[in-house]
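*Asks:* Residue numbers (my numbering), protein chains in the order written: chain R, 1 to 254; chain H, 1 to 254.
The set of hints was computed from the structure by calculation and includes no laboratory data. As the structure is a computational prediction, the values presented were derived from the model and not from experiment. Hints should not be assumed to be uniformly reliable.
Identical chains blur together in the list; that is why a pair holds if it fits in one copy or across any two.
[To be verified] Within a straight-line C-alpha distance of at most 30 Å, the following computed DSS-like cross-link-like pairs (lysine-lysine) qualify:
1. K145 to K4
2. K80 to K230
3. K31 to K218
4. K230 to K58
5. K103 to K230
6. K55 to K31
Protein chains: 2
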Amino acid sequence: MISKNKITEIKKLAQKKFREELGLFIVEGTKSVIDLLSSQLIINELFATDEWIQKHQKSLNDVPYSAISFSELERISCLKTPQEVLAIVKIPSFDIQNIDFQKPILVLDGIRDPGNLGTIIRTADWFGIRQIVCSDDCVEMTNPKTIMATMGSFSRMDVYYTNLPDFLTSSHIHGTIYGTFMQGSPIQHIEFQLNDILVIGNEANGISEEVEALIQEKVHIPSYAISDTKAESLNASIATAIVLYQFCNKIFEK
Amino acid sequence: MISKNKITEIKKLAQKKFREELGLFIVEGTKSVIDLLSSQLIINELFATDEWIQKHQKSLNDVPYSAISFSELERISCLKTPQEVLAIVKIPSFDIQNIDFQKPILVLDGIRDPGNLGTIIRTADWFGIRQIVCSDDCVEMTNPKTIMATMGSFSRMDVYYTNLPDFLTSSHIHGTIYGTFMQGSPIQHIEFQLNDILVIGNEANGISEEVEALIQEKVHIPSYAISDTKAESLNASIATAIVLYQFCNKIFEK
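Model the full structure from these sequences, guided by the hints.
*Replies:* Structure representation (structure tokens):
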């Protein structure tokens with residue numbers, strides 16, 4: 001059983017305002033929760049069906065959990081298709097002072113679509129890139145749609161929110177700051193280094209003017225299209241994936 | 001003004017059943033409609049605000065259009081954020097007999113998410129790949145979410161729906177049939193040819209067994225991840241993008 005008050009409290013976490021106020025976010029679904037359980041993130045409370053709890057008892061350790069019915073889970077879910085498990089998790093605070101400048105850093109300037117951010121986190125995780133620096137106007141990592149789209153990768157990613165011009169002028173940066181644009185050096189010819197910084201822009205407007213001023217080399221993804229008419233641009237998460245693939249390819253295929 | 005009956009009729013097109021029955025689908029938003037107007041697709045009716053019509057009068061030619069208010073557009077829209085223009089378009093029928101086996105063909109086996117299909121169409125269009133063969137259980141190209149995600153690219157793409165095993169055993173195929181799997185030859189080492197066939201599988205289950213039996217070479221996208229734990233897989237549209245990028249790169253960078 002779950003109290004009416006508790007349901008109201010949890011449902012509030014669908015909204016950014018309350019997530020920030022309470023410092024909590026929601027993680028749903030077996031894949032995401034299993035990844036969460038083996039991460040450093042702190043679970044405040046976990047709700048699941050009896051069946052789910054029995055099956056995953058060993059992984060729960062000292063996580064406070066409650067068995068509730070599936071129809072109760074439906075009531076607290078943020079998703080169209082509710083899952084058998086839902087966890088309330090403390091929002092981690094990543095201090096930009098701890099970022100490792102010797103390792104690759106992906107920078108996102110104004111990514112607004114939660115699905116795009118989630119897909120970007122999942123893709124970065126695939127390629128072993130674990131540091132993402134977001135501009136303050138990026139959508140929050142804790143948005144339920146973002147979390148869902150990461151397919152568990154949120155639990156392995158350090159996501160920093162900060163003022164990008166300040167970050168990009170840090171004296172600790174020794175690599176090159178690359179940014180993707182509609183014009184620039186073709187990405188397949190760039191000799192990337194492990195400590196480079198890769199900047200991706202907003203879905204509609206690309207990289208902002210003040211960040212553009214700090215880009216050291218503009219790169220672009222060639223379309224190779226034979227015909228004149230073609231797509232005007234790539235989706236932001238697609239562009240990021242191609243950049244990360246090419247980046248890793250260049251570094252690890254040497 | 002738009003009649004109540006007409007509104008009901010248009011709203012029905014949000015559903016696959018009625019799209020199939022009426023042979024019509026909906027295209028919304030300036031970018032998509034502009035691309036539509038310069039395509040071979042047939043517009044049955046176009047609804048837009050006065051302002052929009054005045055601005056785009058020249059492109060309308062003999063398209064039957066009606067000026068309606070923005071609040072009327074809101075009532076017929078399939079989108080959360082209604083647009084200034086909405087077109088009712090005849091569903092094109094692409095005959096698989098007309099496919100060009102000398103040009104690249106992208107094959108989708110069971111793509112279910114409309115956003116993924118739309119993003120795949122947009123990405124293929126970017127890379128100048130204009131032929132997509134979908135298994136019969138793929139989501140329809142005419143789904144409003146798919147159309148939206150293509151950002152106009154639906155108007156430049158030949159999308160065939162067919163039985164994949166039949167298609168993949170066609171005697172007209174002279175290229176190699178590649179499929180993406182979790183194990184296989186690393187994609188960056190494949191010597192692609194222009195007439196190759198590239199097969200992408202379902203979001204959750206990958207390529208189906210009967211299609212797998214017809215794949216001539218299994219390929220995989222390397223993760224290059226340094227750490228042990230990482231994302232289990234890539235989003236289907238992300239995997240497609242990396243395959244298409246690497247395919248074009250190999251062919252055009254020779």
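*Asks:* Decide, hint by hint, whether the structure agrees.
*Replies:* Taking the hints in turn, this is what the structure says about them:
In this assembly of identical chains, the alpha carbons of K145 and K4 lie at most 30 Å apart only when taken from the same copy (24 Å versus 35 Å across copies). For the homomeric pair K80 and K230, the shortest alpha-carbon distance between copies (27 Å) is at most 30 Å, but the shortest distance inside one copy (34 Å) is not. Proximity of K31 to K218 under the C-alpha cut-off of 30 Å is restricted to the inter-copy arrangement: shortest distance 26 Å between copies versus 37 Å within a copy. In this homomeric assembly, K230 and K58 come within 30 Å of each other (Cα to Cα) only across copies, at 22 Å, whereas the closest approach inside a single copy is 53 Å.
Taking the shortest Cα distances, K103 and K230 sit within 30 Å of each other only across copies (16 Å), while inside one copy they are farther apart (36 Å). Taking the shortest alpha-carbon separations for K55 and K31, only the intra-copy value of 13 Å comes in at or below 30 Å, while the best inter-copy value is 50 Å.
Hint compliance for this structure: every hint is met.
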